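Engineer: Chains A and B are the protein sequences, given in the same order.
Here the first sequence is numbered in my numbering, starting from 4 and rising by one per residue.
Here the second sequence is numbered in my numbering, starting from 26 and rising by one per residue.
In short, the hints are calculated from the structure, not lab data.
Since the structure is predicted, the reported quantities are computational estimates derived from the model, not experimental observations.
We treat Cβ as the ideally placed atom computed from N, Cα and C, and that holds for glycine.
Treat the hints with care, since some could be wrong.
Label-pair ranges, simulated between beta-carbon atoms [said to hold, decoys possible]:
(1) Pro-49(B) with Pro-187(A): 47 to 55 Å
(2) Asp-214(B) with Gln-75(A): 39 to 47 Å
(3) Val-117(B) with Ala-94(A): 48 to 56 Å
(4) Ala-9(A) with Arg-271(B): 42 to 50 Å
Negatives, chain B to chain A, calculated, CB over 12 Å [to be verified]:
(5) Phe-139
(6) Asp-155
(7) Tyr-267
Here are the simulated SDA-like pairs of lysine to any residue, each with C-alpha atoms no more than 25 Å apart in a straight line [claimed, not checked]:
(8) Lys-110(B) with Phe-32(B)
(9) Lys-110(B) with His-280(B)
(10) Lys-110(B) with Lys-6(A)
(11) Lys-13(A) with Pro-212(B)
(12) Lys-13(A) with Phe-32(B)
(13) Lys-110(B) with Ala-79(A)
(14) Lys-6(A) with Ala-94(A)
What follows is each chain in one-letter form.
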Amino acid sequence: MAKGWAIHFKQESRNPFFLWILICTPIIYATIAYFLFRGGKDGQTLAAAAIGSAMMGIWSLTTTASAAALAQRRRAGLLELLVAAPVPFWAVLAPITIAISAVGVYSIGASLLYTRLLFGVALPIEDWPAFVAAVPASILAIGMLGFLLGAAFVRFRAAWAVGNLFEFPVWTICGLLIPIAVLPAWIEPVSWVFAPTWGMNAMRDAALGEQSAWDDIAVCLGLTVAYCVAGALLLRFFLRSALRRGTLALT
Amino acid sequence: MTALRIFAVGGLISFRALFSFLRPEIYIPSMLVAPIFQILLFVYIGRSASLESDEFYVIGNAVQYAAVPCLFAMIFTVAGERFQKTLGYILVSPAARLPLFLGRAVPVMVNGFFIAVFSLVVGGLIVGIDIPAGSVAPLFFATAVCTFSCTGFGLIGAGLGLLMRDQAVLANIMFGILLVFTGANVPIDQLPGWMQTISSVLPFTHGIEAAREIADGASLADVRGLLATEAAIGVVYAAIGYAFIRNAERLSLRHATLDRN
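Excised from the complex, chain A in its bound form:
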């Protein structure tokens, strides 16, 4: 799995479209957030917006690319080979989606650098160990959520469009640019299901030091396991159905 992750990370990090999403999405939304929030009295809002716009880039790439990961392999004629391999298929797909999410480090770097250089918004890191732990924990959890999406949408011909549907809703409900408290009350429990909520909380808490980030990191790891189990079960169900009917290669 580690080798698979490394290969896919190198491959995906050379995709110009992915790099656009990761580098320019945070720039666009950090710019908008800066001009909207700079009149506020809370200077930490801008720092949190820098983290939030980075997470937006990671989620944007994960939701679209991971949902379409299986469809892409199918179009390339690789899906049957991957399914026929002796390695469990979930162990083939998971490194792909985690690699896609891991390329999101470009998004984090771009957002923090951009807001520091252009807007003078420095991100103070109050708890360095927690922040260093929060980044990979968030990426891992979001990557596994992408694994779950990829498994769930394997039957869709236009899986990328279905995955793309989750882009703006997750940006909205997970508190990436706006506090969840301003949303209707019923949305908060829904946001708990999504890894970006906890990843954002972990990185923000570690950076701004308002609360301990370790409980958010723990939730990220717990969600990673939950997504992995759910995704593996879904994959097993769909693959068995496809193998029984001989429809694995059909779109």
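Mind docking chain B on chain A? Use the hints.
Structural biologist: Only chain B this time, still in chain A's reference frame:
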């Protein structure tokens, strides 16, 4: 008569051929549901920032989202032909270029207008904004002018797309520029001077301002200057885009690079 047929019939046929993949399961999530969530995101950001009203963000984002069909589709009307290996056949034909390319812009504009209006109506109903009944038709007219100007901007993208390998990146860059610079979410007067200068020559800037004034009760006569400026910007971009495409055609014929991906 031939030019008219190429413009109308040819444009419609090419749109159906290039965008046949826009089945309901792709069209509805991408073109109808996504803009609603974009509106909701910025409405809540706006409420959090306490800078402008909900109506400001609904109108700004509904109109701005027309950039997705107007830019992506316009770029793909040319790049898509190259992808399908039919661009050479089109350009080697004796068909007049002006109706050929402008005819492809009309279905794009109609689609962009429909999406913007849908987003405006549904987003407005969900958020709960109040627009006077007498302002609805003028608001739709302002939206139509915006989709015209953005389609002209998309024609530039189509010309540039002939010279680039990855047109999706170009389309996304143009979309991002419009999201930041046109006042869709950030009031123009909040931007620094150099950004305001860029805003003044981009599509949507004047049209969105006109749409907001109409929603506040202004008549079409009151905003005719803004709409005329918006339309003029569209004409200029369309002319530049057409020149780009013709120049790219000449260069590609000279260097035999037409079908190179």
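Engineer: Work down the list of hints and note, for each, if the structure agrees.
Structural biologist: How the hints compare with the structure:
| no. | hint | result |
| --- | --- | --- |
| 1 | Pro-49(B) with Pro-187(A): 47 to 55 Å | 29 Å, violated |
| 2 | Asp-214(B) with Gln-75(A): 39 to 47 Å | 45 Å, holds |
| 3 | Val-117(B) with Ala-94(A): 48 to 56 Å | 51 Å, holds |
| 4 | Ala-9(A) with Arg-271(B): 42 to 50 Å | 47 Å, holds |
| 5 | Phe-139 | 18 Å, holds |
| 6 | Asp-155 | 20 Å, holds |
| 7 | Tyr-267 | 26 Å, holds |
| 8 | Lys-110(B) with Phe-32(B) | 21 Å, holds |
| 9 | Lys-110(B) with His-280(B) | 17 Å, holds |
| 10 | Lys-110(B) with Lys-6(A) | 38 Å, violated |
| 11 | Lys-13(A) with Pro-212(B) | 41 Å, violated |
| 12 | Lys-13(A) with Phe-32(B) | 46 Å, violated |
| 13 | Lys-110(B) with Ala-79(A) | 20 Å, holds |
| 14 | Lys-6(A) with Ala-94(A) | 11 Å, holds |
Hints 1, 10, 11, 12 from the list above are not met by this structure, while the remaining hints are.
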